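With chain A's structure known, arrange chain B on it following the hints.
Number of protein chains: 2
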Amino acid sequence: MSGFSFEIHYKSEDSRARLTTITTPHGKIDTPNFIFCGTKASIKGLSPAQMKECNTSIILSNTYHLMLQPGADLIAKMGGLHKFMGWDGPMFTDSGGYQIFSLGHGSVSSEIKGAGLQNRKQSLVKITKDGAEFKSYIDGRTFFLSPEESIKIQRKLGADLIVQLDECTPFHVNKDYTAKSMEMSKIWGDRSIAEWHRKDNGSQVMYGIVQGGVYPDLRKISCNYIAEQDFFGTAVGGSLGDSKEHMYEVVSYCSPYLPENRPVHLLGIGGFRDIFEGVKLGMDTFDCVSPTRLARHGWALKKGEPKDRVNIRNSKYKEDGSPIDSSCNCHCCQNYSNAYLHHLFKAGELLGMQLLSIHNVFTMNRLMAEIRQAIKDDNLNILAKDWYVI
Amino acid sequence: MSGFSFEIHYKSEDSRARLTTITTPHGKIDTPNFIFCGTKASIKGLSPAQMKECNTSIILSNTYHLMLQPGADLIAKMGGLHKFMGWDGPMFTDSGGYQIFSLGHGSVSSEIKGAGLQNRKQSLVKITKDGAEFKSYIDGRTFFLSPEESIKIQRKLGADLIVQLDECTPFHVNKDYTAKSMEMSKIWGDRSIAEWHRKDNGSQVMYGIVQGGVYPDLRKISCNYIAEQDFFGTAVGGSLGDSKEHMYEVVSYCSPYLPENRPVHLLGIGGFRDIFEGVKLGMDTFDCVSPTRLARHGWALKKGEPKDRVNIRNSKYKEDGSPIDSSCNCHCCQNYSNAYLHHLFKAGELLGMQLLSIHNVFTMNRLMAEIRQAIKDDNLNILAKDWYVI
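These protein sequence lines map, in sequence, to chains A and B. Residues in the first sequence are numbered consecutively from 578, following the numbering used here. Residues in the second sequence are numbered consecutively from 578, following the numbering used here.
Check the hints yourself; a few may be wrong.
A pair counts as met if it fits within one copy or between any two copies, since identical chains are not told apart.
[What the hints assert, rightly or not] Pairs of lysine-lysine, DSS-like flavour, derived with a Cα cap of 30 Å: (1) 729 with 923; (2) 660 with 895; (3) 660 with 879; (4) 733 with 776; (5) 776 with 821; (6) 923 with 763; (7) 733 with 703; (8) 752 with 893; (9) 629 with 706.
Just so you know, the hints here were simulated from the structure itself, not pulled from any lab data. Fair warning: this is a prediction, and the values are worked out from it, not measured in the lab.
The following block holds chain A by itself, in its conformation from the complex:
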């Protein structure tokens, strides 16, 4: 762990909000911060250079997608993820578990997020205590992912921050299943750590994942297990309930039991309010595909708007010469009007997606910078009122 460290600079008195710095061999991440998703070794529509111009500190890539295409061995041969995709800052990879289980249960995320069972084609073949067998969504080939295999793949990918394999327990199962699943994730955590240490050369550190579904006692047990192992960081995962309020409650079950001297990541969360609430519950980093996904569909993130966004396709922008957000310093807001962006989306021009992606990434990084400043100034609740409406 030579190139890694974690420092806490300041703790809020009103909540669990804190200012920290995660140091990796590829650079530092001041937290609270946001991790952008480059699922298939690419942020959709933006280059690493553009991500840096948008003040991005860290990106992630998905083990599940990369093991299927182009394959971890190819990426290793090309010098690892950093070199392959041209990103020289800190990187995070997940374990592959989330996609295997959420796709296996019928959809990428709706089930984990409590939206119920879907009728999508299922790709998960079998879960045993050894690991999970699943079919590739690309060509139907059968793959097997064990804790050891996930870590071996993440080692080949070479991200700074890696994650243990867990079973990502769905929402619809009962407490008994959730408890058993959590116990299996603990065993998989032990095996993930063992595989990490087997070839640890100091270039990667591992996060454990808290499971336990929506049950306070299970969340506590899972947190205590994670705290006892020598993980570098803690990720809060699994089912977080079926509403925003339920999510905040489930995260709050974990907060008191999270090891304080480790960074905490909240998996898959990106709404403005969710981030404020998460920060107050002690979360240091967040990730979500939403900034670039929303951009590709014509949504621009904007502080103080319902659902955090405006739809640039709306006809009210047709003759609007002002930028998305006149207080925003991004390349898009500094150079282009709503009328132009509206035209690009109506005309199906690729540039529209790129410009809104730049704005949305910049806006997330601006949000996180303003949150860090507000923690320092002890006025997080005042800032929150600017950013979201309930």
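Positioned in the frame of chain A, the structure of chain B alone reads:
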């Protein structure tokens, strides 16, 4: 014409190749040079800032597309094309004629380029001496484009270099039709000039278009007409035959009769060999959608390759750690391997299109810069051997 001028710096002794500078209120264009197509007020996939990083001097936008979407009045209201799309360099607009007639005859360009009649839905309703009636490809509304209307629209768009309306004569018609069509283009030329002068404030200058199909005598008549009118520049248009060799021959019919003290543009041509041959026949500028269109389909322009390009989807690039062109200084070649680009296209990642577009635009600008240097050094034919294979 206050802000405009045209200077010839050097003339080759071996051919009609020359070095010139076209000065516009928005900047200078050293020629030979290439004009990139931003059809709907956007270079597909690249921002004006990226175009500049690729050393681009001038871009064009299409009157036909813009009159239909978002409409010339809206662009005028937004301050004109330059401001609307954030490009502050020289701009060119066409008259709308090419698209109306080529779409009207069944396809965008195959007919003009001699590939024969197509079965595409026809949008041209009627051509009279007054102008052309056609239906919008977007919503079926009927539009009428006259010489006066084309110039009024181009005035609202506000490009530096504008073009007379002409009838873009198809390849399959006989000499008699071609002659009559050319005569009508002459009348439309007179009317275009009259409308330009009616409200000329010195911010735009006009190119006349040489027609006459594949007939030497008609090309000569058309050139002489253009030379007698006070156009700023000359564009060589219409049917240029059904093969590369035929095209060079048809352009050679025009060369001796082109007014020497005006810039000459060859419409719709972008192949490496075509540009070398065009330069030797006295062409100063060229335009084609190919650099960005090829990029979107996974083709990277590369000197010395058959058809000027390589297909990055080809499996031979799967594990190729080298850049597209190790002699290229573009952002793509400086940062990404063929293996990564191959992966992006196989995985359907948007970034692939952006990176290849950067490479292709940069490569066209590099080609033109090398051609300018070679004219100066009197070794154009030696350079040509590097760039294309027959």
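Against the structure, the hints:
Proximity of residue 729 to residue 923 under the C-alpha cut-off of 30 Å is restricted to the inter-copy arrangement: shortest distance 24 Å between copies versus 45 Å within a copy. When the C-alpha separation of residue 660 and residue 895 is checked against a cutoff of 30 Å, the pair qualifies only between copies, where the shortest distance is 15 Å, while the shortest distance within a copy is 42 Å. Taking the shortest alpha-carbon separations for residue 660 and residue 879, only the inter-copy value of 24 Å comes in at or below 30 Å, while the best intra-copy value is 33 Å. Within a single copy, residue 733 and residue 776 get their C-alpha atoms as close as 11 Å, which meets the 30 Å cut-off; across copies the closest is 67 Å, which misses it.
With identical chains, the CA atoms of residue 776 and residue 821 are never at most 30 Å apart, being 40 Å at best within one copy and 61 Å at best between copies. Within a single copy, residue 923 and residue 763 get their C-alpha atoms no closer than 50 Å, and across copies no closer than 37 Å, so neither meets the 30 Å cut-off. In this homomeric assembly, residue 733 and residue 703 come within 30 Å of each other (Cα to Cα) only inside a single copy, at 25 Å, whereas the closest approach across copies is 65 Å. Proximity of residue 752 to residue 893 under the C-alpha cut-off of 30 Å is found in neither arrangement, the shortest distances being 49 Å within a copy and 52 Å between copies.
For the homomeric pair residue 629 and residue 706, neither the shortest alpha-carbon distance inside one copy (41 Å) nor that between copies (56 Å) is at most 30 Å.
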